[in-house]
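Trainee: The task is to assemble the complex, starting from two chains supplied on their own in separate frames and drawing on the hints.
Chains as they are written, first to last, in my numbering: chain A, 275 to 826; chain B, 3 to 174.
No lab work stands behind these hints: they were computed from the structure.
Just so we're clear, the structure is a prediction, and the values are computed from it rather than from any experiment.
Each hint should be verified, as a subset may be incorrect.
Stated by the list, open to error - Straight line, CA to CA, 27 Å or less: simulated DSSO-like cross-link-like pairs of lysine-lysine: (1) K172/B x K567/A; (2) K650/A x K579/A; (3) K380/A x K567/A; (4) K380/A x K172/B.
Chain residues, written in single-letter form:
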Amino acid sequence: MRKARRSLWFTVGAVFLLCLGCLLFLQSGNAAPGAGAELAGGARGVVRSARGFPIEGLMVQLISAKTSIRTTVYTNELGRYEFPKLEPGLYTLRTPRPLEFKRYLKESVRITGADKFEDIVLERVSDSEFLPPRPDILAQLSDAEWLFNLDGTAQEKKIFSNYCGAGCHTYQMPFRSRFDERSWRLILHRMLDYNGRILQGPGDGEISDEEQAEREILLKWLARVRGPDAQDPPFKVFPRPHGPATRAVITEYELPWLGVHVHDAFGDTQSDNIWFDINRSPFIGKLNPNTGKVTSWRIPGTEGKHPGAHWIQAEKDGTVWYSETWSSSLIRFNPLTETFKKMSSGVQGNMALAPDGTIWRTARGKVARFDRETAKIVETFPAGDQRVPGTYGNFVSWDGRYFGGGNRDRTFDGVVFFDRQTKEVRMIPSPSGVSGASRGSFDPYGNIWVGGRGGVLVKYDHKQNVIAEYAPPTPYNTFYETRADKNGEVWAGEMRAGRIARFNPKTEQWIEYVLPEPFSFDWQTYVDNSTDPVTVWYGDQYGYIVRIQPLE
Amino acid sequence: MGLSNRNKLAGILSVLAAGIILATPRPSGTAVIAQTASQSSSAAGDVDAQLDPYQRSGLIYYHKLMGKSGWERGQHIYYLKCWICHNEYAIASDPKGAAPTLKDLYKRPALMSGRTVNDETVAAKIRDGGPRMPAYRHVLGDSEMADLLAYLREKCCWDADHPPANPRYKAQ
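In isolation and in its complexed conformation, chain B is listed as follows (with noise of 0.2 Å):
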């Protein structure tokens, strides 16, 4: 009745083998859930929360590509919304009818309106317009217009000779 040894073996090694089968890692073994800091942890209106920071697109979507806030933020809203009428290309092809240069806006006396430079009006006519300017009172929010406001005061303007670096460009 009883097992012989050569079976004792055997069954042994089966079991052995079950084992490490079983302890083989399986596809449906330890997981971690998603990280969803956007969700729980952020209110509904902050972008930066929400968006993964690896998303190009979110990044352009919200002119976060070259920087988050400030005039770096300032500067990707211009070149997306002002500079593609506002740049010396279109001026020189179009001299009487381009829109003006933005270089050293805050430099001059006064608006083409005869109004005073500042931030106030700038910004009053970013947001209404002209008769030849779409008015962008419903585009920009108040952190936009600060950070464009922002960009027009101290940096202003986009040249295409000389792109920002881009800090994820590592190769060596």
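Just chain A, same shape as in the assembly (with noise of 0.2 Å):
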């Protein structure tokens, strides 16, 4: 008897445990493969089509009605999506950039934990590939899509992107107007004539017959492509993200101003915090990623010069450095006395602090060496005749010995390298003459990686004096800056797809993640190395700031 009742008690343990370890199972598959469990653990759900079949790679966001953080998460190849644990209370809950699928919004829903939402079953726009060039769909193009899918040669295309590709604005600018090849002169004249990104006095006018010759090209292309009868044509839109590129949370932040734009972003070791400066309004700030909010101050302004920043840095003990762009300066700022002082340094643009407190960029024809107190050249480097280049981006490796720089001209068009240690100075051209070098990092091993706006990105590896391109997988991209992680891989704002590129020079593999927005104009990622994986920050031109943390 007392053997029988053991045995009773063994089969109900069986089955109960049996009947958990079912439940355990079926719940795990709503768990995004290879989701650190930091980043998991909140609301969740499934997104199909209305044919039935799981729809991967789309994103789904949930926006903080406390807060207006937007957190994005993307479906896997079940269609099965899964948020970090947010904090509870009501939230906006919507498909961003849904493409061929018609928009999915609900407001107010409530989160109060792991949520199980409801399944988000999504229609078609279109029957067809092609997508109607209605609003909504022209909105959500990235501006390789939108080249993509105009008329034209590829030699008018690429010229395009050498020339209005470079920076400043999104393509939507040129493809949403509609002018006459009068007004289109006038306006490439207006923008490629005058000075920066404010488009300030004329330049010198020397133009060479070969980039006249490529002006005429843009001109005419435009006033076909672009003139005033010009229809939009269905649009192919690129494929969505799978596998990897679905593995991560990306995560914006409001900021407290509308059409101001962001440049650089840096991360503060202290406080966790996020530093960003405006490139076009006279603020810095420091956001902070746990509650949104953002501590600003108002820089001092420069008479007769638009206010605006371009690069900062955070040094160990908390003091902000930064560049006014247009008024030729280098600012330090103490956050705990909140004191600003102001040098004139001559020089526009980014500059580079090593690890010892020392302030780096070429000038005048050299490296130079800036001084603290005074913002003047203290030391400069080769010494004798030999000129190198005003490098676009400026920067140090991670142990401060080196000196890099990229570079973009009809003239020179790659790196500049400099050895503390030895002095030495080498200008590497790059392999195709046209990688329109500019900004980038040093990896932990030493080498140089800059992105390139003619839409690759640019390695030099000084040990082997070898210097080698690597174009994305996502066609009609450029490149304005990279940062190295860790690990030495290769993170940079993939500025015309709406992607942050992750590349992996071990393996020569792209991870590129498709953001909310079809921008991406990043002009200097922000890797956090103390996560792992890392952490990944960038400010955008359009006011807001984002962060990607990959899963894996």
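Mentor: Structure below.
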């Protein structure tokens, strides 16, 4: 009898364990593969098409009613998505950039924990693979998709990319417009012959025959494809992300202003806040990623100069450095005393802050070191008459030994390398001659990586003295900068593709994380190497700050 | 032939377990069809109805970042299409060649052409352009032109030192 009772309880236990196991198995299917525990465990659900198929690579977003912070995840191959644990409260649930699918939007969704949402079932916009040029479709297209779909030869499109894709604005600016040839000529003159991002003062007017010929090709093309009678074609959009590119969490933070253009973002290791500066308004600020709160300071202006900064970087002791691009100034800011020390550097653009506190950039034909108290040049390299170009990008290696810079002009397209120990300066031309090398960083092994406005990443290995270019899978993209992480992987905003690129030099494989907005105007990526996997940040041209957390 | 009590209990538990599993929410549970107000309940030309109000790119593409209509929308149009040439810094850097400031345009006695300043003449100038100004007749529709004129008349001009507040910024 006792034996039979033990056997009964054994059977009961076995059946319950079986039941529990089945439940756990079913639940585990909802989790994104490889998801880190801290980036999962929140609300979840499934997205499928009206025909019943799971949709992979679709973005699903929750917007907090309390903070406006936007959290975006991707569906996996089973159409399943899972958010990180979010603060309980009300959210807007939506599908950003659904492109070939009709949008989903549901307000006032209450989150209490690991809520299971009703399935999202999406209908296609069209039975055709080509999407109609409706307002909602036009507004979701990336620059690369625009250029891919417009009529024109490879030469016409590449010339357009070279002249109009170097930065400053998205392609929607010209492509949503219609002008006659006379007006396009005036616009091109203004955009190409005036100085800087705000087009001050006419340039010197010297244009080579080759450049003039290219300009005429560009003009005729714009007048043809964006002339008064030009129609938008049905659009073929790029494939959705899948596999590793769906395993990330994207968070977007609002800023207190509209119409501002964030330039650089940089992490403060003391507070885990993200410092940022604004390129065309007089503010710097720091973002608290946990709350979304921004603390900002109005920066001192210069009479007659447009306000706005370019580069920003924080030192370990909390001191913040930034450059004011229009007034050619270097500024040191003490957040504790809220005091600014503004110094005239005589140079525009970005600078490089080395681990030893020295400040570098190319200037007046040399690699120059600037004094921290006066911003005057105190050392230049190389000695003698040899001159180096004024590189657009300026950066220093992790150990502070090497300086690097990317340069792009018709006289020299490539990188400048300087060894502070041996005093050797090298100028290394890019393989293509049209890489458009600009800003970048060193990787942990001492290699230079720069973003090329010609559409490639450029690597320079100073040990082998080898330079190489790498093109991403998405066509018609351009780069501007890079940031290498602690593992040697290289991150960069794909300026024309609405994606953040993650390139593994060891395997030469790319992961492209599609963003909730078709823009990805990332002027300087910041990588937080204290997390595993790393956490990536950038400030967008259109006035918000973005965090990318890969799950693997 | 009859089942033992143990087997009966095991059978009951198995059915119970199956019931629990079947009752567990499944990925293909109840569904909500996407809201498609953009397609079903609005005219194709109704941009606001077609756009996702949270998609920033749509607000930028249709100049609605700073307001859906009126001078607020006009401010966005001005910033994107006019300011780059008519700003005070461009004027200072090229006093003879730069485009004129549009501040207090409607308080002036006349346009540079000599024509009286009013909505009709200003709109005509914007549509037709000039020797150094592109013609916007194929770019700005009637509602965009009306919003731009409202801004030029009432609020102009863009002040980079004081950008408008973002109503969506709520963090405290």
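Trainee: The structure should be examined with respect to each hint, and the outcome stated for every one.
Mentor: Consistency of the hints with the structure:
| no. | hint | result |
| --- | --- | --- |
| 1 | K172/B x K567/A | holds (8 Å) |
| 2 | K650/A x K579/A | holds (20 Å) |
| 3 | K380/A x K567/A | holds (25 Å) |
| 4 | K380/A x K172/B | holds (20 Å) |
Taken one by one, the earlier hints all hold for this structure without exception.
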